[in-house]
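Please arrange chain B on chain A, whose structure you already have, making use of the hints.
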Amino acid sequence: MPAAEVAARVRESLQSVKAADLKDAQLMEVLRLAQQLTDTMQMFFGSLDRSIHTEFNAIAAYIARTRDEIAQLRPNDIKEQRIPVAGAELEAVVGDTEKATETIMSQAEAVMMMDASDPAAYKDAVDEAMTKIIEACAFQDLAGQRVSKVVSSLKHIEERVGRFAATMGVLDADATEAEREEAERRNKLHLNGPALGGPETGQDDVDALLGMDQDAIDALFD
Amino acid sequence: MAVEMNMPILVVDDYKTMVRIIRNLLKQIGFENVDEASDGAEAFEMMKKRKYGLVISDWNMEPMTGYELLQKVRADEAVKSTPFIMVTAESKTENVIAAKKAGVNNYIVKPFNAGTLKAKMSAVIGEF
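Chains A and B, in that order, are what the protein sequence lines are. FYI, in the numbering used here the residues of the first sequence are 1 to 222. FYI, in the numbering used here the residues of the second sequence are 223 to 350.
The shape of chain A in the complex, shown without the other chains (with noise of 0.2 Å):
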């Protein structure tokens, strides 16, 4: 209940128990100080009132926005179909990929392995099997497509949740504990990955780095 309904009801009674005209000086004193009180006690508590009505206004305001934000950012659309779907689409390409694979080399070691005694048969065998290879490769065209889906499916992310990140001031939480660790041990292990664009260091580049002494390295890092 609002503290001014309360000091209404509190006056109320008050007056109330004033207009039965009681005749004990005590009493009707103690009725004054409580009437006094409540008067006092209902402009602290309106001021409260007016302050935490403020900051509720202010706080359902930004939980609305919050919401509206949440709401932008379609989370249900990208939890049960972006990402999913991204998912299983990756999970074709490797699939699609392992069997153009499979079929490209076994194509190419059975012709390694042909008795080319006749030459004939031996054109026919392996016209056949780079009949079959170059049908494998297809495979590239459907990769392709599913890959630029994903990628699509990402960038729509990207943009909702940078906007999202944008538009609240979020910022990134440090990282856990597991993350440091991993990090620290690809770190510590080298665990780099196949780089962009080919090879960072080209083969040349390594034969000439094991070539050289290891002074010669340090002094590379100096």
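You may find that some hints are simply not true.
[To be verified] Just the calculated beta-carbon pair ranges, DEER-fashion:
no. : chain 1 : residue 1 : chain 2 : residue 2 : range
1   : B       : Lys302    : A       : Glu98     : 34 to 40 Å
2   : A       : Gln81     : B       : Asp257    : 44 to 50 Å
3   : B       : Pro285    : A       : Leu142    : 21 to 27 Å
4   : B       : Ser303    : A       : Glu181    : 30 to 36 Å
5   : B       : Ala341    : A       : Glu181    : 46 to 52 Å
6   : B       : Asp257    : A       : Gly169    : 56 to 62 Å
To be clear, the hints were calculated from the coordinates, so they are not data collected in a lab. Nothing here was measured: the structure is a model prediction, and the numbers come from that model. Glycine included, each C-beta is placed from N, C-alpha and C at the ideal position.
Chain B alone, transformed into the frame defined by chain A:
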């Protein structure tokens, strides 16, 4: 000393297709006695049971990487002299240097061809 073409070679890679590619390339250049392991831990156990003339290992594998395998091999008296070639997509300079410091005999950057594999094997085990 002539290279024993029937010497056992251990190929370590968690990607079956790459093992198959290396096995085919080795066959093409005359080596058919090839064993396979899918990570460093399995490879090390196999090395304790059989003496290999050469180890050809990927770097990035779980749970034990090729780099850890190399360190473990060089620290173990029984197998420390086994020739070791790293075949990997890890192409940062720091990787090459770390491998060299750990005692790798040669280092091949993926993707590679039969010519590169043969040249690096020759540099490690001798001309064949």
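Numbers of the earlier hints that this structure fails to satisfy, in rising order: Violated hints (numbers, rising): 3 and 5; every other hint is consistent with the structure.
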